Every structure is written in C-alpha cells, then in structure tokens.
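**Student:** Chain by chain, the residues run as shown.
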Amino acid sequence: MPREARRRDRLVGLFALGLVLFNPPVLWLFAGATLFGWPLLFIYLFCAWAALTGMVALTVERRRMRSPFKED
Amino acid sequence: MLSGSVLLLLTAAAYMVLLFAIASFGDRRAAAGRSLIDSSVVYALSLAVYCTSWTFYGSVGRAASRGLDFLPIYLGPTLVFCLGWVLLRRILRVSKAHRITSIADLLASRFGKSGAVAGLVTIIAVIGSVPYIALQLKAVSTSLKVLLEHQGSFGVEAVDGTSVLRNTELWVAGVLALFAILFGTRKIDASERHEGIVAAIAFESIVKLVSFVAVGLFAGLVLFDGFGEIFARAAARPELSQLFDFGGPSAGIDWIALTFLAMAAIVCLPRQFQVMVVENVDPRHLDRALWLFPAYLIAINLFVVPIALAGLLSVPAGTDPDTLMLALPLGSGYGGLALLAFLGGLSAAASMVIVETVALSTMICNDLAVPMLLRLGWLGPDTRPVLLGIRRAAIALVVLLGFAYVRIVRESYGLVSIGLVSFAAVAQFFPAIVLGLFWKRASRLGVLTGISAGFLIWAYTLLLPSFASAGWLPRELFEQGALGFSLLRPSALFGLDGLDPVTHGLFWSMLSNIAGVVGVSLFVDQSALERSQAALFVDYWRGAGHEEGRLWRGTAQVADLVQLVGRFLGEAQTREAFAAGARGRGRDPAALAADAETVRLAERLLAGAIGSASARVMVASVVHEEPIGTEEVMRILDETSQAIEYSRRLEQQSRTLEATTAELRRANERLRELDRLKDDFVSTVSHELRTPLTSIRSFSEILLDNPALEQHQRQEFLRIIVTESERLTRLINDMLDLAKIEAGKLEWHMERVHASEVAREAATALGQLFRDRSVELKIELPESVPATIADRDRLFQVVVNLLSNAVKFSPRDAGLVTLTVKTDTDGVNLSVADNGPGIAPKDREAIFERFRQVGDTLTAKPEGSGLGLAISRMIIEHFGGRAWVEEAPGGGAIFRVWLPREPAAASAA
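Protein chains in written order, with the numbering used here: chain A, 13 to 84; chain B, 111 to 1019.
One chain only, chain A, in its complex shape (with noise of 0.2 Å):
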C-alpha cells in the first residue's frame, strides 16, 4: 500500500505540473513563433500533452515493469 500511495502522490505532482504547462503564462512563451514553419505553440502544447500522457502510463504501468527511479 505504501508504494501505491507513492505512486498517488506521483499522479497528482502530473497533475501540478500538466496544470503548469497547459495554461498562461507558460503558453505565452510560446506564442507567435514558428520551428521550421510551424507554428511554435501548436507543437509545444501536443508534445507537452503527449510527454504527460506518457508518464501517467508509466507512473500506473509500472506495477510489471522495473522502476525508473530509484528508490521503489
């Protein structure tokens, strides 16, 4: 139980930092520019969600597969 609450509490740093990267004024720093022609902010906001959606899988996967960090 103790490492499921871990893993809780893990879930809900996501949520914090998802709360950070989804809205102003981090949104700001990436508005108006392009990469290579496209525009800045729309490749930022997909990455973003993608690399989140990732570690929710990770942090709730990771009950088969070894942990990448350490201390579980």
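I should point out that these hints are in silico values taken from the structure, not numbers from a laboratory.
Just so you know, these numbers come straight off a predicted model, no measurement behind them.
Glycine included, each C-beta is placed from N, C-alpha and C at the ideal position.
Careful: at least some of the hints might be erroneous.
Claimed, not checked - To be clear about the criterion: a stretch of chain A counts as covered by chain B if any three or more of its residues have a C-beta under 8 Å from a C-beta of chain B, and this derived list gives those stretches:
| # | segment |
| --- | --- |
| 1 | 23-35 |
| 2 | 39-45 |
| 3 | 59-70 |
For this one, chain A is given, so just place chain B on it according to the hints.
**Tutor:** Below, chain B alone, put in the same frame as chain A:
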C-alpha cells in the same frame, strides 16, 4: 440509377443496423456471462463518448476562427485523469458501494439521501443537456445537407434533397431514441450495466477516430504536399497566422476558464458519469484508462488544426467552418472520404444522444417521477412495468425536447457555443461533488443553496442571451440590463466587462455556487442522516462503511421488506438477493432477522432501482425506525473514527514490536554462537596447554625418579622438556597477542614501511629453517615498492608466520616456496606460495579461524599453535588490508596479503 440521397440514407441506415447488431451481440454475450466490454481498452473507448459531434465538427470550426482555443476542452479531462487515483477512483468505489445510478443519485446519497438535491440536479442536468442533444441532431442534419449539396461527388444522379432533409432531424431523433429504449431500458436495476450500449459506443469511438484521422491525413498528404506546406501557406496569410498568437491576458483568462470548465464537465456530465461509473465492469479498468483516454484525445485532436487550415486555404470563402470536415474532401471530389467523415460525425452524435438519454431517463424516472408517484400513492404492487414505461417515455421526451430546441433556436448559435453553455450548466455540480467527497461538513442545505445560485446565474448570464439572440426576449434586456440597471447586463454583470461570455458566466456562477456551498455549510448544522452519510462517503477509505449498520435502529419484518423490494425487482430475484445477503453474513437465509443489516440490504437493493432518496422513503414506509439524534450519530461516528485510529496505531505498534522482536532474536542467536565459540575456545586452549604440560611433567618425573639415567638419555629428555616449554611459551604468547588485539589493547607502532624490506628480513631470518628442511626459497622482490602504513614488527611477524607455515607443508628435499611482492594501483601485494598438498576450497576460510588446523590432527600433530593465521589476518586487517588463500598454479597453496598504499598526503609529507 441510384440517387445521391438514397445512397446516403442507405449508408446511414446500414450503419445504424450495424450498431443495433453490435449492441444486441453485446447484450447476448453479457447474458451468456462472457462480457464483451470487460477490458480496460473498451472502457477507455467508451469514455471517449466525451467526443461528440461537437468535437468532430465543432473543434474544426472553432480552430478555423479562434486557433488553438478548442484545446482546453481536452486538456482539462487529461488533467482530471491525472487525479484519477484521488478523485475518480473515489467516486467509482463509493458509487459501487452504494449502488449509485446517476450523478443526481450520487449527490443525493451523499447529502442525506435528499430527494430535493436529486430533483434539483436532475432538472439542471436536463435543462443543460437538451441544447447539447439538439446540437447533435443539428450536426447530423447539417452534414446530410452538405453531402446532398454535393451529390455529384458520389457519381450518382443529383436530385432535389429538400424533401429528404425536411424531416431528417426527426428521423435521426427517432432512430436514436429507439436504440436507447431498446438497449437502455431492459432491466429495472439502473445500477446494472447496459453492455450492448457500451459495446456500440466503443465501436463508434473507433469509427470517429478512424474517420477523423483519415480526413486529417487526406488534408495533409493528398490535398497538400505535407503538413509543413499547410502551415507554411497559412503563415503567409496574416489572418491565418494570427490564429497561433496567444492573445493578451484576457485570452489567457478565457483559456484557464475553459480548462476548468472541461475539468468539471468530464466529471459531471451525466453521460460521462454513466460510462465512467455505472457501466464500469471492474474498477481496475480505470488504471489503464488514465492514460488511454488522454491518448485518444490527443489522437483525435492532432489533425484539427491542419484540417481547419487546409479548409480555410482551399475551400471557397463563405463555407460554414463547422462543415469543413465534409467540405474539404467534397471540394476535391473525394465523395467516399466525405461519406466516411459523415459516418464519423454520425457516430459521434449517436453515441452522445444514446448515452445521455439513458442517463437522463434514469435520473428523470428515479429522482422526479418516482418521488411524485410515491407522494401521490400511485405505485401499484408490481412497479416494474410502470418504471420501465417511465424510463422509455423519458428517453423519448428528452430526444423530443432536443428536436424541438433545434427547430426553435436554429442557426442562432455556433456549435461550440451551445456546447460550452451546456458544460457550464453541469459544471454547477462540480463544487458539490468535490467538496462532498473530501469535506464532511459540506451540508445538504449548502449544496442546495450553492447549486441553485450557480444555476440561476448561469441561466441569466448564458441561457437568456441565447434566447434573446433567437428573438424570444427583447434585446433591450441585454443592452441595458434588467429593469434598466446597466449593472445587471447579463454579459457584464456588476460591470465586469470585456470577458468572453462563457468565462464571464462561469466566473459568476461558480463564485456564487462555491460561496453558497461553503458559506451555508459553515453556518448550518447537518442532520443525523447527513452526518452519517457524509462519514460513509468521506471516510470510505478508512473502512467507515462497516459501521453503517450501527447508524440505524428500529423494527421491521423481513416479509415486509421482501414484499417491498419485490415490487421493484421481482419476487424471485428479491428472495435470491436476500438469501445471498444472509449467506454473505453467515446466517441461515430461512431464519433471517430484520436487523439493521437486513434493512440496509433492502435499501441498497432498492437504491439500485430507484435511487437512494426514493429508496429511503420506500423503506421507511414499511419499517418503524427509531430516530437517532444528531448527538448520538456524532458519538457513534466519533467512536468509529476513534476505533479506526486506535486500530491503526495498534497495527503500527505491533509492526514495530515485530521488528524489535526479530532484532532481539537475531542478537540472541549471535550471543549463543559467541558463547559456543567461547566454550570451544576454552576447551581447545586447555587441550593445547595440557599436551605440552603433560609431556614436560612426564619427562621431569622420569628424570626425578631415575637419577641413574644415562647421560645421552637425560640429554634427550631435557631437550624434549625445553622444546615443549618453548611450545608452551609460544602458545601463551600467541594467545596473549590474540587477546590484546581483540581487546584493542595491543600497542601499535604505525610507520611508513616498505613491504619488500620486511619480506627480505623475514626471509633472511628463516634462512636456516629452510636449509634445515632442504626447502628452496625463491624470492621475487621489486627494486622499490610504495610505502604502506603499518607496524613493522607485526608485519614481520605475519611474513614469518606465512613462511614457516609454507616450509612446514612443503615436501622435504623437493620443497619450493616463493615469496613475491608486487605493486598494484592502490596497494602492495605480498604472496607466499608453496608446492605442498594445497588447501581444499571448503577449508580456505576456516584456516583463518583459531585453532583450525587442516588435516587429521590425531595422526599427524602439526607444529604451531593454530593461532598464527588468525593473528596474521587480524594484524593485516588492522593495517586496512586483506589476507586470504588461493590455490597456487603448481597445486600448492598461495597465501596472499594485500596492503593499501599510504595516503597521498602522508607520502608528500
């Protein structure tokens, strides 16, 4: 030749038939006990009912006019799913435990099984959802209209489509209502799953995704030369490139408001609650859905912007941006792709309408109709046909309301605006849910106040303006404010001007909502039932559910309860459920007493059918309940939470105790082992001391008793006595050394020592011994070795010990002992190899123990005390080095000593 409209209608009809087939297959599999939907992937796909035609057509439309502004609607749910284990899992588990049937039921049950809360929530949900259902119907008919305008794309004869179109919305509404009635109202127990519907929804989610991605790839790869080109050409047009500017602070506030709105909606929308909680097969499916559902959202949103830009670049100006999904393939003659897109949009609309109407029908039936019937006393002995009839009628009614809304409001609002207004209505439940699950003091009155206030503000700021734009209300109300007060303008309440209407309405409604819930809860006391329900919901994790039975007291007859529940669930099923409940408690089903547990079971069974509020009223009608005062409930709950706290502490202490016990046991074992070693040591020492003493004493006695002994014999005996005395002395010296080292009392004279010098001195000192035994001593010493910090005399003692051991075990006359010193990176290696019999691997550690001499000590008494190697190892370890033995290349033993190099600072000094 087939006309375009017939082709279209045939396609749509065939698709609906397929859906019916899937749903009926899903139901049959469920009946056979082989659930089609018992998988986390199907669960995640069914959650994607969130993506309606509003996503399918509306997102593209919104992206075409406002850029990335549609994304918060999907980022919000992603964030909420990060909280899956904190919020969603709690809702899921609590709802399962209490057989919750809808979002209205959840709130009612939490706030004292309150019929008022259930009714209020139901009314708001219906008012909020009807425009949304209307939106789906409108999307289907609009998409049909667009396709019919381009009949030529299908290579078929074009006919006038208006006759077909005239009643499309009615047809669509009718078919979807039929579907919902057929598969959504089969069983009376609303907390049971509708597996057929979920299977169809999951399938539709796949169709949605596939057709959206197909159009996206078409836009990027067929219509344009890669997505880069779309962006490049859009960047060249100022009105398009500005879509990727993120406006100033006000746009930021809108973005945050939308994110919050979507977070609330994913939890509160009746259809989301239906698929997420009611239709959930196994709470563990939520785990994988926590990332699968956001992944689905990413996939379906990835192409929204490219499609919107491609549409704006290639479709003639004046095209409705909400139809770009169809106009894009149609404009370049890809009729088949447009048809696929149409099916995607149809799937999106159909899944939303079906699930939403089923969810709303449960709420209307359980939380509005049943309480009314109860009050009027119109419920007959077998209520099942009545309830099912009400649910079916409710489905038809909701769909009909949606249809009427489409007809009346028509084109006045864009798709996305209607959706957001709906979201804002159901978002009014969000504070009550979150506070209700985490804050025990949130009270019924507070929630009623908060939700009502929020809803009124919502209606004033968001609903009325949409009526006004439809021409139902005078425009002056909005331009000048109610009663002519400009402070009361719906779009700028209290002078808050400049915000997006949705942001504005959401801010005021949420503010009044939360203030109502918190403020009233803080100042108004809860009733006894509210307190106990609050404890059951908030402390669910701490096992408070077990105490539910203690919070009820009264008298009842089992027969009455069975008859009552039987009216709703059927006689046979009820008896079975009561018997199962009795067996679950280890009681004889025949002799079941009508105690608190049984009454609770009856109420729970009823709650699954008609909701917790009505179930409570029903059970109260056949049970004589003794009221438990607030004071007493508080006492019981206090006791419970104290007991839980005590047991938690007790558990913790017992764990600590166990750990301590284990430690003590280990220490005790170690002590015993030491004790045994000490006994062994004492007996060995006595034995070792007695042997030389015995021989000294016997030879002395011989000399004493026989003065006339011959000279050479006397000499011989005296020599033995001297040898044995020397051996005794050596033994005692060794033992003293050992004792001193062990006690840490030995004086060490640490200095810089060169191991090779010590080795050479030792070899010289023992030269005579080697010559006596005709054993060859080979010395391999380098010119210089790094200094080590050691006690020179002790190191000398070690080398002498090793050399004398080696000579002892080397064969006489053919013996060869090699003394080597070598340097390695961080120390000095000294080794003594012999060509004797060697040491068996199992003995290689043992020989470093005291008095451990390898070989048969009975037949061949080795020389030496048996302490030499033990002392040597201790000395070396004191110098920070190691001593061990290996097998020599030639077969003998090789004793190795490694000493660390002196620290750099010391050598510099």
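**Student:** All the hints need checking, so say for each whether the structure fits it.
**Tutor:** Verification of the supplied hints:
Counting residues of the segment 23-35 of chain A whose C-beta sits closer than 8 Å to any C-beta of chain B gives 8, which meets the bar of three, so the coverage hint holds. Residues of the segment 39-45 of chain A with a Cβ under 8 Å from some Cβ of chain B number 5, which satisfies the need for three, so the listed coverage holds. Beta-carbon proximity to chain B at under 8 Å applies to 7 residues in the segment 59-70 of chain A; the threshold of 3 is reached and the given coverage holds.
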